[in-house]
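Novice: Here are the chains, one letter per residue:
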Amino acid sequence: MSTNAQSVRGFPVPVSPRMPTRGVKLGPVSVDHVERDLSTRVSKVGLSDICLSYRTQAGERLLALDHINLQGRAGEFVCVVGPSGCGKSTLLHLIAGLHPQTSGQILIDGNPVQGPGTDRILIFQEHGLFPWLTVAQNVEFGMKMKGLPKAEREEKMRHYLRLVHLGKFEKSYIHQLSGGMRQRVAIARALATEPDVLLMDEPFAALDAQTRDLLHDELERIWSETGRTIIFVTHNVREAVRLGDRVVLLTFRPGRVKSEFPVSLPRPRSLEDPEVALAAREVLDELRDEINQSLEAEYKVGIKPHIEPGDEQ
Amino acid sequence: MKRAARYILFYGALLALWTLLAKLKIWPPYLFPTPWGVAESLYAGFQDHTYWIAIRVSMQRVIIGYGISVVLGMILGLGVASNKFLEETMGGLLVSLQSLPSICWWPLALLWFGLNQNAILFVVVMGSLLSVTLAMEDGRKQMPKIFGQAGRNLGAKGFKLFWYVLLPASLPFIVSGLKQGWAFAWRSLITAEMLYLSLGLGQVLMMGRDLNDMSAVMAVMILIIALGYIVDGVVFKSMERHLQNKWGLTPA
Chain A
2 MSTNAQSVRG FPVPVSPRMP TRGVKLGPVS VDHVERDLST RVSKVGLSDI
52 CLSYRTQAGE RLLALDHINL QGRAGEFVCV VGPSGCGKST LLHLIAGLHP
102 QTSGQILIDG NPVQGPGTDR ILIFQEHGLF PWLTVAQNVE FGMKMKGLPK
152 AEREEKMRHY LRLVHLGKFE KSYIHQLSGG MRQRVAIARA LATEPDVLLM
202 DEPFAALDAQ TRDLLHDELE RIWSETGRTI IFVTHNVREA VRLGDRVVLL
252 TFRPGRVKSE FPVSLPRPRS LEDPEVALAA REVLDELRDE INQSLEAEYK
302 VGIKPHIEPG DEQ
Chain B
474 MKRAARYILF YGALLALWTL LAKLKIWPPY LFPTPWGVAE SLYAGFQDHT
524 YWIAIRVSMQ RVIIGYGISV VLGMILGLGV ASNKFLEETM GGLLVSLQSL
574 PSICWWPLAL LWFGLNQNAI LFVVVMGSLL SVTLAMEDGR KQMPKIFGQA
624 GRNLGAKGFK LFWYVLLPAS LPFIVSGLKQ GWAFAWRSLI TAEMLYLSLG
674 LGQVLMMGRD LNDMSAVMAV MILIIALGYI VDGVVFKSME RHLQNKWGLT
724 PA
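Residue numbers (my numbering), protein chains in the order written: chain A, 2 to 314; chain B, 474 to 725.
These are calculated hints, taken from the structure and not from any lab test.
None of these values were measured; they are calculated from a predicted model.
Any given hint could turn out to be false.
Pairs of lysine-lysine residues, derived as DSSO-like cross-links and limited to a Cα-Cα distance of at most 30 Å, are as follows [unchecked claim]:
#1 A:LYS147 with B:LYS614
#2 B:LYS618 with A:LYS172
#3 A:LYS145 with A:LYS157
#4 A:LYS157 with B:LYS719
#5 A:LYS172 with A:LYS157
#6 B:LYS719 with B:LYS614
#7 A:LYS172 with B:LYS633
#8 B:LYS614 with A:LYS169
#9 A:LYS147 with A:LYS157
#10 B:LYS618 with A:LYS145
#11 A:LYS172 with A:LYS151
#12 B:LYS630 with A:LYS157
#13 B:LYS633 with A:LYS147
#14 A:LYS157 with B:LYS633
#15 A:LYS157 with B:LYS652
#16 A:LYS147 with B:LYS719
#17 B:LYS630 with A:LYS172
#18 B:LYS633 with A:LYS169
#19 A:LYS172 with B:LYS719
#20 B:LYS630 with B:LYS719
#21 A:LYS147 with B:LYS630
#22 A:LYS145 with B:LYS719
#23 A:LYS145 with B:LYS496
#24 A:LYS151 with B:LYS633
#25 B:LYS719 with A:LYS151
#26 B:LYS710 with A:LYS172
#27 A:LYS147 with B:LYS618
#28 B:LYS618 with A:LYS151
#29 B:LYS630 with B:LYS618
#30 A:LYS145 with B:LYS633
#31 A:LYS151 with B:LYS630
#32 B:LYS618 with B:LYS710
#33 A:LYS145 with B:LYS614
To be clear about the criterion: a stretch of chain B counts as covered by chain A if any three or more of its residues have a C-beta under 8 Å from a C-beta of chain A, and this derived list gives those stretches [stated by the list, open to error]:
#34 611-622
#35 626-637
#36 640-646
#37 710-721
Where chain B lies over chain A, by a calculated footprint (3+ residues, C-beta under 8 Å) [what the hints assert, rightly or not]:
#38 122-133
#39 140-152
#40 168-180
Glycine included, every Cβ here is placed at the ideal spot set by N, Cα and C.
All chains, full assembly: derive it from the sequences and hints.
Specialist: Following this line, the structure appears as structure tokens:
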């Protein structure tokens, strides 16, 4: 695995509007600014005025998401950060079509989302793989549901397992793999259904730091090779800045879009880059500020916000 | 090796005790058969094909009856687990019905189906259906939600979702219930067969009683135990082992 890391670091960076070669642009900016920056790209995922409310067991009506507006352009890597409980995971479930929103509209390529669809695949934090199937069967699962012929399924399965460097583990069962390998299988399984949009719900949160660094590199490489649109949810600001073209910050309950930070650092990046740390610091300041405010408002006391700023050395 | 030695020691002692009691002639042989008398009965029963036929008939019935229970029980259990109304209403009824020995259905079964195989099958189904239903309901609830979500996310829905995701995901949680259902089915079958001329093992056992041949009765009892044990030990054990290997669960 260490050899992979080497080659990933040296991966040639294609010059594209997605990847400006230099320059640090930071700080909360208006949405206009972001749109201008990426105006050449087609909107892939569009969330307009998404609200979600539910009834608690006490019978109260609770607003979880409040008028979320978010655009993900084709091929864009969007990171959504926020304190736990801000509804960022729920947001992904809505986009995946696993739950209906209370109001608002989710558009994929201009078409409203109605239930789950294989054009958007969600990668869970953990345990999303099927333990009764082998690695190969897991990767083939989505294609099997689509009714693809066996030969085609196998070919694609091999291709995507190679892409995540797990070609030798076709016949293994999930419990035989390490946490990092499992998430790579999950990525291969998601990619194998050839979705336009990858939804990632804190996929690396349960992994150790070394494994996570490696998977960051792999994900960045796979993303630039496949050109998928990625919406990546995390509570780790450093991770968001390291991976994203843009970091969207959500407020604590109810979740609202507080601000957006375009990240135009050159790729490939690393979690240890001082620029990444610097950028993360700015996002974090605003996030912490936000959480303090909302917590103070709720409890009238200054409780330390529950966020993890990432691996700050 | 050690385990085998322990087995031999235990069963040898049991057999010796039995022989001793029979030899002492405390009870007349027609009340307390000797081990070799039972062995002779077993040999004779297999020799004249009575036992082969009885085993075949009984196994056929229990497989059909249990099969119906498994299919119906899975549908029912899934329904109860996924519908709040059904859970509140039928859930309680199912639990309370389980305290009813299935042979209590026999008089009604006779009236509804007549004096034939279907009445026996009905009793078998009533015996094991509840275990399977409750196991399935429980399994569906214990099964992590994420499997269903991941399945739907990857494009599985309706029957495909049930067959390829929900069923295999809940198997480790329902296998003990399936096993229990099997045991109930087997007992219900033998009981029902004893009440009616039916060719099965239960009837052969009653035949021994009618002929006052306790060796034959015990021979059939041993057969019933052996068959029940073989299915449990071979079918369900290998199923459990298979699941443990796949899921990486350690045997309890």
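Novice: State for each hint whether it applies.
Specialist: Quick rundown of the hints versus the structure:
1. With a C-alpha separation of about 28 Å, the suggested pairing of A:LYS147 with B:LYS614 holds against the 30 Å cut-off.
2. With a CA separation close to 25 Å, the supplied pair B:LYS618 and A:LYS172 stays within the 30 Å bound.
3. With a C-alpha separation of about 12 Å, the suggested pair A:LYS145 and A:LYS157 falls inside the 30 Å cut-off, and the hint holds.
4. Under the criterion of a C-alpha separation no larger than 30 Å, the hint pairing A:LYS157 with B:LYS719 is consistent with the structure, at around 24 Å.
5. Proximity of A:LYS172 to A:LYS157 is assessed by CA-CA distance (about 15 Å); at most 30 Å being required, the pair is judged to hold.
6. Of the pairs offered as hints, the one joining B:LYS719 and B:LYS614 holds, with about 21 Å between alpha carbons and a cut-off of 30 Å not exceeded.
7. Simply put, A:LYS172 and B:LYS633 have alpha-carbon atoms about 23 Å apart, close enough for the 30 Å limit, and the pair holds.
8. This hinted pair does not check out: B:LYS614 and A:LYS169 have alpha carbons roughly 35 Å apart, beyond 30 Å.
9. A C-alpha spacing of about 13 Å is found between A:LYS147 and A:LYS157, which places the hinted pair at or below 30 Å, so the restraint holds.
10. Proximity of B:LYS618 to A:LYS145 is assessed by CA-CA distance (about 21 Å); at most 30 Å being required, the pair is judged to hold.
11. For the given pair, A:LYS172 sits about 16 Å from A:LYS151 by alpha-carbon distance, which is consistent with the 30 Å threshold.
12. Between B:LYS630 and A:LYS157 the CA atoms are separated by roughly 22 Å; this keeps the pair inside 30 Å, and the hint holds.
13. For a cut-off of 30 Å, the pair hint linking B:LYS633 to A:LYS147 stands: about 11 Å separates their Cα positions.
14. Proposed proximity of A:LYS157 and B:LYS633 is supported: the alpha carbons are some 22 Å apart, at most 30 Å.
15. For the proposed pair A:LYS157 and B:LYS652, the alpha carbon gap of about 39 Å is over 30 Å, so the pair is violated.
16. Restraint check for A:LYS147 and B:LYS719: satisfied, since their Cα atoms lie roughly 25 Å apart, inside the 30 Å limit.
17. The straight-line distance between the Cα atoms of B:LYS630 and A:LYS172 is roughly 26 Å, inside the 30 Å bound, and the hint therefore holds.
18. At most 30 Å may separate the alpha-carbon atoms for a hinted pair to count; B:LYS633 and A:LYS169 meet this at roughly 29 Å.
19. The hinted pair formed by A:LYS172 and B:LYS719 meets the criterion: a straight-line CA distance of about 11 Å does not exceed 30 Å.
20. For the hint linking B:LYS630 to B:LYS719, the alpha-carbon distance of about 24 Å falls within 30 Å, and the restraint holds.
21. With a CA separation close to 11 Å, the supplied pair A:LYS147 and B:LYS630 stays within the 30 Å bound.
22. With a C-alpha separation of about 20 Å, the suggested pair A:LYS145 and B:LYS719 falls inside the 30 Å cut-off, and the hint holds.
23. The hinted pair formed by A:LYS145 and B:LYS496 fails the criterion: a straight-line CA distance of about 68 Å is larger than 30 Å.
24. With a CA separation close to 17 Å, the supplied pair A:LYS151 and B:LYS633 stays within the 30 Å bound.
25. Between B:LYS719 and A:LYS151 the CA atoms are separated by roughly 22 Å; this keeps the pair inside 30 Å, and the hint holds.
26. Pair hint B:LYS710 plus A:LYS172 holds up; C-alpha atoms about 24 Å apart against a cutoff of 30 Å.
27. This hinted pair checks out: A:LYS147 and B:LYS618 have alpha carbons roughly 22 Å apart, not beyond 30 Å.
28. About 29 Å separates the Cα atoms of B:LYS618 and A:LYS151, which keeps this hinted pair within 30 Å; it holds.
29. Taking the CA atoms of B:LYS630 and B:LYS618, the gap is near 15 Å; set against the 30 Å cutoff, the hint holds.
30. A distance of roughly 10 Å separates the Cα atoms of A:LYS145 and B:LYS633; the hinted pair therefore holds under the 30 Å criterion.
31. This hinted pair checks out: A:LYS151 and B:LYS630 have alpha carbons roughly 20 Å apart, not beyond 30 Å.
32. Our distance criterion of 30 Å between C-alpha atoms is met by B:LYS618 and B:LYS710, whose separation comes to about 27 Å.
33. Proposed proximity of A:LYS145 and B:LYS614 is supported: the alpha carbons are some 26 Å apart, at most 30 Å.
34. With 4 residues carrying a beta carbon less than 8 Å from a beta carbon of chain A, the region 611-622 of chain B meets the three-residue requirement, and the given coverage holds.
35. With 7 residues having a Cβ less than 8 Å from any Cβ of chain A, the region 626-637 of chain B passes the three-residue criterion, so the hint holds.
36. With 3 residues having a Cβ less than 8 Å from any Cβ of chain A, the region 640-646 of chain B passes the three-residue criterion, so the hint holds.
37. Interface restraint, the region 710-721 of chain B with chain A: holds (5 residues with C-beta to C-beta distance below 8 Å; minimum three).
38. Here the region 122-133 of chain A counts 9 residues with a CB under 8 Å from a CB of chain B, which clears the bar of 3, and the coverage holds.
39. Closer than 8 Å: that is the beta-carbon criterion, and the region 140-152 of chain A has 5 residues meeting it against chain B, so the requirement of 3 holds.
40. For the region 168-180 of chain A, the proposed coverage by chain B is satisfied: 4 residues have a C-beta within less than 8 Å of a C-beta in that chain, meeting the threshold of three.
Checked against the numbered hints given earlier, the structure breaks hints 8, 15 and 23 and satisfies all the rest.
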